[in-house]
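The two chains are supplied separately, each in an independent frame; assemble them into the complex guided by the hints.
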Amino acid sequence: MSLEHFQAKPPLRVKKMRRDEEPEAFSENAFDGKSERLAILRQKIACADEIPFPRISIGGLDRMLRGGLRGGALHEIAPGGAGDGAAACGFALALAARFTAAAPAGRSAIVWIVEDFAAIEGGAPYGPGLALHGLDPATLILVHAASAKDALWAMEEALKCRGVAAVIGEIWSLEKIYDLTAARRLALAAQSGGGSALMLAAGMAGGADRLASCAHTRFEVSAHRGGAARGSPKGSPQNAAPPPGLPLPSLACWSIRIVKARGGEGGVSIALLWDHEEGCFRDAFPLHLIADAGDRPGHPADARARPRQSA
Amino acid sequence: MRARGLAKAPDAPLATIAKINGAQKLAALDARGAALGLRPGMNLPDARAMHPALVCADADPAAEAETLAHIADWCRRFTPLAALDAPDGIMLDVSGAAHLFGGEASLQADVEARLRAQGFFARAALASTPDAAFALARYGGEREGRILPATLDAAALARRLGDLPLAALGLDPATLKALAEAGLRRVSDILMRPRAPIAARCRPELYARLDGLLGLAKTPISPRFEAPAFMAERRFLDGIVRREDIEASILSLARDLSKLLARHGEGARRLEVSLFRVDGAVMRFEAGASRPLREPGVIARLFRERFEAASKANDGEAFDAGYGFDVIRLAALEVERRDEEEADCFDIGNRQGVQASLKAADLADLIDRLGARLGVRRVTRLAFHATHAPEFAVTAAPAAQYADKGHHIKPAAMARRAAFADEAGLLPARPIRLLPRPEPIEAIAGVPDGPPLRFRWRRVLHEVAAFEGPERIAPEWWRRDESALTRDYFRAEDTEGRRFWVFREGLFVSETARPRWFMHGLFA
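Taken in order, these protein sequences are the chains called A and B. Heads up: take any position in the first sequence, counting from 1, add 50, and you land on our numbering. Heads up: take any position in the second sequence, counting from 1, add 30, and you land on our numbering.
Keep in mind the hints are simulated off the structure, nothing from the lab. Incorrect hints may appear among the rest.
As the list claims (entries may be wrong) - The calculated lysine-lysine pairs, modelled on PhoX-like cross-linking and capped at a C-alpha distance of 25 Å, are:
1) Lys199(A) x Lys226(A)
2) Lys310(A) x Lys226(A)
3) Lys84(A) x Lys94(A)
4) Lys289(B) x Lys49(B)
5) Lys199(A) x Lys207(B)
6) Lys342(B) x Lys226(A)
7) Lys289(B) x Lys55(B)
8) Lys84(A) x Lys207(B)
9) Lys342(B) x Lys94(A)
Stated by the list, open to error - To spell it out: a stretch of chain B is covered by chain A in this simulated footprint if at least three of its residues, at any positions, have a beta carbon under 8 Å from a beta carbon of chain A; those stretches are:
10) 298 to 305
11) 405 to 417
12) 457 to 465
13) 488 to 495
14) 527 to 534
Quick caveat: nothing in here was measured; it's all calculated off a predicted structure. Positions of the beta carbon are idealized from the N, C-alpha and C atoms, including for glycine.
One chain only, chain B, in its complex shape (with noise of 0.2 Å):
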């Protein structure tokens, strides 16, 4: 529940309201209201009149959802595993984390009491499956008995939560009003008589939610991040600030990562770094590896670039570090296998072999470096295409996917400069660079499709001494594009041997009255 935001009144009761049905309901109560003998779902001038104190704000269901989420993310300091379970609540799968935390009381009263040191009333409840953890953390009583030992066996459980209300079953509103309505109340109501009567009657949720209580029908939990395949994590008591101390343990979890890494013999692609704030704030770091990454060196070095990025992009803070993190995780969210070459390191005869797959190494690690730092799609390779559209022929694909497999572009380059080769001691066909989009140009050129013999490009006059061409490219009729139309394009070298790629739009006549020319590319 969230009661924070309004310091007017520090000791009135805190409300939020929404309206449903026209009137004015509380939605949620602080523990004060609580106590008072206020209700959730109460009419607004009924808890008014009983209570004038009251301190009241609109529910805000986004922002709560939000906060929720948040919470669930800082919850992942416990456990990767970590599922909203709308609107109130949060479940953890802390299946072989609890002991981590010195047993599941004490993982219990860790999360309540740090919640609620960052404001937050909060009820943990452990169980063996989410339904009865669920009816636990609501209707589960003092805090003892909402851990439910996983040793107790059908008849004990059948004891232990037959007392609990239908209510901690999660079911809708009208099915509950049904069943009390029959007299049924508690969970013991129903576990004691026969099924089918009661299964025919009501919705399927009842006994599945019933199976899921006692550990009959395990029901799954949809974590908000998978659980990462490797991860190592440093506690701290105190909160630590100071960016270089934060760099540093990231270089030793890298190792403690890396000899993970090793025994089973994995690289990491992806990798995450998570601090986890004091208050509750938690941030997120990810940097890609275009090599399966297993050098404690490398990994730490990518998120100094990552965080020399953040900093940038933030006015010199990489991080608001606050009072400081106290848990920081290392993990590989992807890993790839590895096989170790350290074998055929001293093997003399294939020296030139390991220094070329060395380099190659060293030039994955500059890449991923530049992309930490830049953004993966600002470092980037060639990747050609089969369409005689120049501007289509040649995209940038981000050089972390293409980093292993960057010699199956070779080809379709090769061959087109094998299709131009008949030029001998000409010019290429192509230029080196080409304008992000054609530019108009005034050109003075022979009717109907002549050679430009001067033109005037960015306020600059040019004249023609030396052309090739036309060469006539298309539009591609496949791609439907009916305003497009077909370029005669012209290698033109200027008086001063300046070399222009220049291209006259529309055919003359058959596809427009005044052909328009452009600037294209320009030779080196």
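Same shape as in the complex, but just chain A (with noise of 0.2 Å):
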């Protein structure tokens, strides 16, 4: 932690001898001290009954993440392909909405970096559709990088603090600075602070495979078809009722490929419906109809691990 890092070392010194001043200014008097002690010991009440590292549910993915998405680490997402750039974004935001719900108390914020190049390229972030999408903007600081340099900086910086749920930083040109040194520093002040790093390769469509990082998983999200939506065009005028043929489109819906799981299975491609309203993944294939039989635990990775472990 910065702050400690300040206060724990003993006062710097200035070598030099200056004019005009008493000898006693530049001693600590006993007042100095003791708001510094104060402030250390404060800083270790706030973090001492705090769950570390939650881990967050995506629908399906579960089972291949063993449990869940884990909190305080770093995980990478790339579109899949050269149009998917919104997709994986919204994923991302998904799973900093996520994040946000399963952090304690007063660590809610959610941080954005968007390297400028990349909202001009793929638009800026929109607060109504944010809004509607799940996130609460209240918590949103939306930090605006002209460079990749200072986008990873400001992750960093924003990973070390403990207010932070989640920090998205949407990168365009992420393939020429970010090495594994850049990738673990990321992943140390994730477990540092305790926020989760999701880092969204923008400019990298389909270039998943490539990256090679310390991250604790990697994504690559395409735009899924979804199916035709349940809800009726209230409020549209009569004559634009959908000519037969054409639906609704329906929830946000991605294809979503594990490209890397750490403890986990890779490869595996999923398909998950974003329910913005309840703030949750669902499976987009009605897998719904086994899991319902009623004998069946809530959760795919207990259903796994118990039969096991009696066996």
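Now the structure itself:
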């Protein structure tokens, strides 16, 4: 923690002598030391009983990730194709919303760092849409970084902050600057700060396999054709009724491939719906027909683990 | 007086010339020229005839004013209240500051010596009023004579200042000429005469300046920068050069400042570091805080980020240290009430609340740090506005100003969410990303107001597989933008599942014969 770093060390002294200065002006008095010790104590109290790394559930992927996505770690998300930037972004936002919901009290902020070029190319984050997508705009801090280097620095700073639940870094020119060291720094910052790092490689469409880093998980996200919507278009003019054959667009739906999962299964692809009203992921395929059977436990991961232990 | 810039003839007298009423006249002279008997206002041919070696340069009032401003900023090392006294003077309010420099006489000597070391010839005078200091600096004679003790009574003052010429009052030339024609040349000439007859014949400035000179009236000065609420500074015998040393002394200054702030129960919202270089240049760095700040570590951190940002802008060097900085000052320009919360720190029952407040403070510090490095306008929160025009429904407001009231934004956004809540299971009504400006697309759609069936955006053809719309958004009539047309927005999903927010601009026939299509946003 940066604050502790400053305060734990003995105060720095300037070697050169200064003119017209009382001799005791520079020496530390009791007041100074006390306030610093108090600050350290308060920091310790603040993080005493915090659950370090909550895991969040992402629907059908939980099984492959061994019980959900881990907080306080680095996760990478890359679009599957040239037009899938918005899908990848939507998935990252959904994860951030889940992390915020799972975070302890007070740790609620989402910091979204967008490199300028990514905003020009893929559009700027749009507040009303984000609110509808399931993010509370009051918790969102948007940072516009001029370069990839600035964005990486801002990500690391934000991850060290204890009030931040998730940090999304949307960096267009990631490939040149994102090496093992950079990823390791982010992972360490996430671990020490407790927030989750979501690296959105906006400019690396289809390049998830080219990424090599110490990330905990790596996803490749593509848009997926969702099913027909349940609702009816209320309030739209009657002359605009959909022609036969063209249904209404449904919830956000993505096809997600796990490229890398530490301690889990990689290489699996699954389609997920994001229910922005409930704030949870749903399986796009009607798997719930099986899961709804009365005697099955709620979590697929548990369901698999238990019989093995008993056997 | 400025006497730098010409190095061709080091021993020759130097003058600047200006064109006044079609004639070239001397505007200013260096000490050598003055010793030879040249005077400002002389015609250039006359001066040349007297001293052919005279070196001349054109007067540049703008550059001179700029130099004067730089000197005034440098003078803030003596006191925060430094005012310009154009065209050739600087007024410092050194009330309560002189003892820091070993008394008035040594302050005067220090100012003159330091300015001479920078290549400026300066005469410093100290008096109780700005007018008296003005007069003494220009006509006060030797150095000792240019300090007016504050203890003099009115009679002694009149005796002391009576010998000054009337020009010392800073009057305009016409008034001076008129007074001289009446035989009035010295201050005492006016003081010994009754006030009413002279006042009736002269401009009111005469007695205003005279009262100021004698301390009967207080003339204000207008400092270039306001005095900070709290400040701490360090002076060094040798200039310090290394950035690490400077940052370390800022940290120790922050400790002093935080003690000051704590004693007054305040926290700083705006901070400034001034670095005074040995050769007279002054560099100032400002940083804002989104909460009243008192922690030395956090303050030092903010300035480290500011230096980092400056060094990025300047090819790796935060500041040109030259021969080093001999004064470093940390000032709290704006402060805000901050009460101690230490008392409830160990209150076990309220631990949740304490944790939340600590995290909020941590977040505020993060916002400040990011703002210091990247620029305050780059760290934003969303501010919603009650309008239907999608582009204006939300703006990015600097987070530093919104940090403490961020939650007031929430209701507007939530109301929007409620407005669209009847569309259960449907794609949200607004995209998560909005293009900086709508991009034209080629679309095939039914006339007059059918949905797009297929469209080409950024050279890629998209076949529409599902859509919702239109959502008709009319231009706001009170904005009086005649060119704005009604827009019909569609949420369209293509065969690959990508979702777009497209609109048709203009109603068919009634507004336009050929409606155009645009891409405006992208859904998740």
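Review point. Which hints, by number, does the structure contradict?
Key: Hint check: 4, 5, 7, 8, 9, 10 fail, others pass.
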